[in-house]
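S.K.: Below, each chain spelled out in residue letters.
There are 2 protein chains.
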Amino acid sequence: MEAMVNNIRVEKAATSKIHDVDFDNLAFGSTYTDHMLVSDFVNGEWKEPKIVPYGPISLEPSAKIFHYGQSIFEGMKAYKDVEGGVWLFRPMENCKRLNKSAERLTIPELPESYFMDGLMALLQLEKDWVPKNPGSSLYIRPFMFASGSGFHASPADEYKFIIALAPSGAYFSGKVKVLIEEKYSRAANGGVGYAKAGGNYAGQFYPTQLAAEKGYQQVIWTDDNNHEFIEEAGAMNVFVRINDTLITAPTSDRILDGITRKSILDIAEDENIATEVRKISVHEVVEAAKNGTLKEMFGAGTAAVVSPIAGFGYKGMDYDLPVLAESYAEKLKKRITDIQYNRAEDKFGWRHQVV
Amino acid sequence: MEAMVNNIRVEKAATSKIHDVDFDNLAFGSTYTDHMLVSDFVNGEWKEPKIVPYGPISLEPSAKIFHYGQSIFEGMKAYKDVEGGVWLFRPMENCKRLNKSAERLTIPELPESYFMDGLMALLQLEKDWVPKNPGSSLYIRPFMFASGSGFHASPADEYKFIIALAPSGAYFSGKVKVLIEEKYSRAANGGVGYAKAGGNYAGQFYPTQLAAEKGYQQVIWTDDNNHEFIEEAGAMNVFVRINDTLITAPTSDRILDGITRKSILDIAEDENIATEVRKISVHEVVEAAKNGTLKEMFGAGTAAVVSPIAGFGYKGMDYDLPVLAESYAEKLKKRITDIQYNRAEDKFGWRHQVV
Ligand SMILES: Cc1ncc(COP(=O)(O)O)c(C=O)c1O
Ligand SMILES: Cc1ncc(COP(=O)(O)O)c(C=O)c1O
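If you read the sequences in order, they're chains U and H. Take the first sequence: its letter number 292 is residue 292 in our numbering, and every next letter is one higher. Take the second sequence: its letter number 256 is residue 256 in our numbering, and every next letter is one higher.
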């Protein structure tokens, strides 16, 4: 069956899996919808994307993705409102960041219209897959990787761009305990930390596993020179509240320019919360924890939205954070999710309607 | 057709492609043999490897290799002597390094016997693919990657280990010009630079491309703190000869522990060449180039063996290296390749006979 949705060719799946899915008990990113968007870069250009049934990809063993880690991705969500309307949150930011990552990984840039038109068509087709339950959403995973062949360590000549969809529940449940990293690091100066490159994530698994063995769910990444400044929280940006000021590290070539992070900065300003974008030393955080001025810490990212931190470990000591009646984390999470789910005015113009 | 070679199950290819191959004009790593070795990690264990026809791999779009860069590899060669004997060079070193990389990338360790027995059986089956021409060899690519599914950023539960073979000519032809890097870097302190992780290589492509646009074939990587010390040459270890002393950087968590590098150190000692394993500052190299004490620089690695450097660029200046009648690079390359191709005594016990 071939059809067109929004100018995108669609090869429809013979049957739908949607009735097999328990939408009341969704894990994160482990159930996939019926279709995906695919575009191939061959002979020097990206071909028009098309929608095909979600299914296996076949690659030569010599495809460079297996050898040289030439891969990037994005993470977005589609949100359903009470009337059944479906919304995206600042999707052009993801589109632009994908191409920024592409440049650093020597992957050819994708035309923005292929990303946006393809995504819209895919979501229109799959709109029934966007869950309605509070806190759940349709997780969107655009990704690109080297499908071209060869054992020579150089960029591939062929690539694949895919968008796959996964109806998902919450990423974390509850507050997390974190470990401030003193030995390992996720990014080098002059490296690829600011890009959403696959390799950045694999490198985090081992230190995160060591932290988990000690009872911490996440690692707070520090600079790789002296582990002196805190930079990110797992795969999220990090915020620290000292007294009533909300502080986050400046973006750099080691830190991802998170969309949640910059939205939170805007919302905080709108809420008359004092914000500072500056380096945050571990010393400062530990001292503030000791003298009681450290009120909150949280991670911010698309998957977990705002992830409050219950306490942190550093140099063998544990520091608990207070439980507040009125936390910034809760207030900011409410405001951002109210915008995302079309429950409140969108004064920043961030929402993008799908259907 | 099922058979056994060396206790490894073999599913033979219906036909061979060997007669289509022009063994006199082999590129590097772009022609593949008839068979590959495959083992799967499922249900918590590596299954016995088997040999199957070389052909496509089918993976879910949600396989973690596409998203989180969980992949590692090795590079080895099989060499043919004049009598048709086939040899490996220190293969256990690759086997051990693969598992060292695996640990850092949170990939389950492979039993050494699966690696060695599988490799030997595969090479015995494919021995006619080992080229005879001078300078050519059968390039061996063991690799491992996350085949398990999920958009959650955490280690996969399934992996694949594959060995593929590619009859290959020389990696570089002639001397290369290199650029000492002042901005980009390949590895972080506490990162994965010492592992053969796929992501390390993709991260090198862009800076290497920028260098190529300026007329340099390779980048000399420097530390990411201050770009003060030289660390590697492209995907090779780096050697510098000042006066008659051969110097190489110490291995660290940023530098790969190269098998060629350590073999060259042993051979140099045997040749009564003074060696030093210590940090090499860019300043020292530039000064030595200026005052004429810098005699040679070369890269060392399995693919290119020894890759002499003709000159380097730094801060907009070009420095040429002298052309010597008796270079260490040439002498050491001859000694190591004489051992590899069974043309000389193997006093270190490095050769390993396949057939
Ligand atoms: C390393 C890292 N930092 C921060 C973020 C948060 O970015 P965003 O808010 O755009 O999702 C992400 C991904 O989501 C990430 O992978
Ligand atoms: C980054 C890097 N450095 C050095 C080397 C040299 O190692 P070996 O001599 O074991 O091939 C390699 C690979 O071959 C490498 O990828």
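Honestly, the hints are just simulated from the structure, not real lab data. One or more hints might be untrue.
Said to hold, decoys possible - Here are the computed distance ranges between Cβ atoms for each label pair:
| no. | chain 1 | residue 1 | chain 2 | residue 2 | range |
| --- | --- | --- | --- | --- | --- |
| 1 | U | S281 | H | T251 | 52 to 58 Å |
| 2 | H | P53 | U | D20 | 47 to 53 Å |
| 3 | U | K96 | H | D22 | 54 to 60 Å |
| 4 | H | G215 | U | D157 | 20 to 26 Å |
| 5 | H | D244 | U | Q209 | 43 to 49 Å |
Claimed, not checked - Lysine-lysine pairs mimicking DSSO-like chemistry, simulated, CA-CA at most 27 Å apart:
| no. | chain 1 | residue 1 | chain 2 | residue 2 |
| --- | --- | --- | --- | --- |
| 6 | U | K183 | H | K347 |
| 7 | U | K77 | U | K50 |
| 8 | U | K279 | U | K177 |
| 9 | U | K77 | U | K96 |
| 10 | U | K96 | H | K334 |
| 11 | U | K183 | H | K279 |
| 12 | U | K77 | U | K132 |
| 13 | H | K183 | U | K100 |
| 14 | U | K295 | U | K214 |
| 15 | H | K290 | H | K347 |
| 16 | U | K175 | U | K279 |
| 17 | H | K132 | H | K47 |
| 18 | U | K127 | U | K175 |
| 19 | H | K279 | U | K100 |
| 20 | U | K183 | U | K214 |
| 21 | H | K315 | H | K334 |
| 22 | H | K100 | U | K214 |
| 23 | U | K77 | U | K290 |
| 24 | U | K315 | U | K290 |
| 25 | H | K127 | H | K334 |
| 26 | U | K214 | U | K77 |
| 27 | U | K100 | U | K175 |
| 28 | U | K183 | H | K127 |
| 29 | H | K100 | U | K279 |
| 30 | U | K100 | U | K262 |
| 31 | U | K177 | U | K96 |
| 32 | U | K183 | H | K50 |
Given the structure is predicted, the values throughout are model-derived calculations rather than measurements. All C-beta atoms, glycine included, are put in the ideal place defined by N, C-alpha and C.
S.K.: Against each hint, give a clear statement of whether it holds in the structure.
M.R.: Hint check:
1. U/S281 - H/T251: 52 to 58 Å: At 31 Å between Cβs, range violated.
2. H/P53 - U/D20: 47 to 53 Å: With a Cβ separation near 35 Å, H/P53 and U/D20 fall outside 47 to 53 Å, so the hint is violated.
3. U/K96 - H/D22: 54 to 60 Å: Violated - the Cβ-Cβ distance for U/K96 and H/D22, about 46 Å, lies outside 54 to 60 Å.
4. H/G215 - U/D157: 20 to 26 Å: holds, 22 Å
5. H/D244 - U/Q209: 43 to 49 Å: holds, 47 Å
6. U/K183 - H/K347: Violated, at about 40 Å.
7. U/K77 - U/K50: Measuring from Cα to Cα gives roughly 20 Å; hence the hint holds.
8. U/K279 - U/K177: Roughly 22 Å between the alpha carbons, so the hint for U/K279 and U/K177 holds.
9. U/K77 - U/K96: holds, 16 Å
10. U/K96 - H/K334: violated, 51 Å
11. U/K183 - H/K279: holds, 21 Å
12. U/K77 - U/K132: Since the Cα atoms of U/K77 and U/K132 sit roughly 13 Å apart, the hinted pair holds (cutoff 27 Å).
13. H/K183 - U/K100: holds, 18 Å
14. U/K295 - U/K214: holds, 24 Å
15. H/K290 - H/K347: violated, 39 Å
16. U/K175 - U/K279: holds, 24 Å
17. H/K132 - H/K47: violated, 34 Å
18. U/K127 - U/K175: violated, 31 Å
19. H/K279 - U/K100: The given pair, whose Cα atoms are some 34 Å apart, is violated under the 27 Å limit.
20. U/K183 - U/K214: Holds, at roughly 15 Å.
21. H/K315 - H/K334: Answer violated: H/K315 to H/K334 is near 34 Å, above 27 Å.
22. H/K100 - U/K214: Holds, at about 22 Å.
23. U/K77 - U/K290: violated, 38 Å
24. U/K315 - U/K290: Distance of about 14 Å is within 27 Å: holds.
25. H/K127 - H/K334: Given that 27 Å is the threshold and the Cα spacing comes to 24 Å, the pair holds.
26. U/K214 - U/K77: Not OK: U/K214 and U/K77 at ~32 Å, beyond 27 Å, violated.
27. U/K100 - U/K175: violated, 32 Å
28. U/K183 - H/K127: violated, 45 Å
29. H/K100 - U/K279: violated, 34 Å
30. U/K100 - U/K262: OK: U/K100 and U/K262 at ~17 Å, within 27 Å.
31. U/K177 - U/K96: Given pair U/K177, U/K96 is violated - Cα atoms ~33 Å apart, limit 27 Å.
32. U/K183 - H/K50: violated, 39 Å
Consistency note: the structure conflicts with the earlier hints numbered 1, 2, 3, 6, 10, 15, 17, 18, 19, 21, 23, 26, 27, 28, 29, 31, 32.
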